[in-house]
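Undergrad: Sequence:
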Amino acid sequence: MFADVPKHRLIQDVVTRWNLTYDMIERVIEQQHPISATLLQCCNLIHLEISTKEWRVLEDIIQLLKPFKVATWYLSGE
30 MFADVPKHRL IQDVVTRWNL TYDMIERVIE QQHPISATLL QCCNLIHLEI
80 STKEWRVLED IIQLLKPFKV ATWYLSGE
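Following this note's numbering, the numbering of the sequence shown begins with 30 at its first residue and continues without gaps.
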């Protein structure tokens with residue numbers, strides 16, 4: 030059904046590691062279509078549907094955090 034979407038598990042956030050927040054949001058965006066389809070198919074989950082505006086906010090957060098993710102990766106490699 031979603032052949033173009035990699036089959037990955039969602040990532041759970043860990044408060045003490047902010048970069049996992051980045052990874053979690055990035056994975057949710059990657060899995061947007063399967064997540065939306067699942068929420069729409071399950072009658073008791075439709076109230077959890079993520080709006081278009083909320084998806085845009087997640088994409089904006091990723092753009093904001095990406096330089097920090099790259100810098101952290103770069104600095105941890107030294």
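Quick caveat, the hints were computed from the structure, so don't treat them as lab data. Note that CB positions come from ideal geometry on N, CA and C, so glycine has one too. Treat the hints with care, as some may be off.
As the list claims (entries may be wrong) - The calculated lysine to aspartate or glutamate pairs, modelled on DMTMM-like cross-linking and capped at a C-alpha distance of 25 angstroms, are:
1. K36 - D89
2. K98 - E59
3. K82 - E55
4. K95 - E55
5. K95 - E83
6. K82 - D33
7. K82 - E59
8. K36 - E83
9. K82 - D42
10. K36 - E59
11. K36 - E88
12. K98 - E88
Stated by the list, open to error - Pairwise CB distance ranges (calculated):
13. K82 - D52: 21 to 29 angstroms
14. R85 - H37: 18 to 26 angstroms
15. Y103 - Q41: 23 to 31 angstroms
16. Q70 - S105: 36 to 44 angstroms
17. L77 - V34: 15 to 23 angstroms
Undergrad: With reference to the structure, classify each hint as holding or not holding.
TA: A quick look at each hint next to the structure:
1. K36 - D89: OK: K36 and D89 at ~24 angstroms, within 25 angstroms.
2. K98 - E59: 17 angstroms, holds
3. K82 - E55: Judged against 25 angstroms, a Cα distance of about 16 angstroms means the pair holds.
4. K95 - E55: Given pair K95, E55 holds - Cα atoms ~10 angstroms apart, limit 25 angstroms.
5. K95 - E83: Cα-Cα ~18 angstroms, so holds.
6. K82 - D33: With Cα atoms ~23 angstroms apart, K82 and D33 stay inside 25 angstroms; holds.
7. K82 - E59: Roughly 16 angstroms separates the two Cα atoms, so the pair holds.
8. K36 - E83: It holds: about 23 angstroms lies between the C-alpha atoms, which stays within 25 angstroms.
9. K82 - D42: Holds - the C-alpha atoms of D42 and K82 are around 22 angstroms apart, at most 25 angstroms.
10. K36 - E59: 10 angstroms, holds
11. K36 - E88: Holds, at about 20 angstroms.
12. K98 - E88: 15 angstroms, holds
13. K82 - D52: 21 to 29 angstroms: 23 angstroms, holds
14. R85 - H37: 18 to 26 angstroms: For R85 and H37 the Cβ distance comes to about 22 angstroms; the hint holds.
15. Y103 - Q41: 23 to 31 angstroms: At roughly 25 angstroms between Cβ atoms, Q41 and Y103 fall inside 23 to 31 angstroms, so the hint holds.
16. Q70 - S105: 36 to 44 angstroms: This hint holds: roughly 40 angstroms between Cβ atoms.
17. L77 - V34: 15 to 23 angstroms: Cβ of L77 to Cβ of V34: about 19 angstroms, so the range 15 to 23 angstroms holds.
The earlier numbered hints are all upheld by this structure, with none contradicted.
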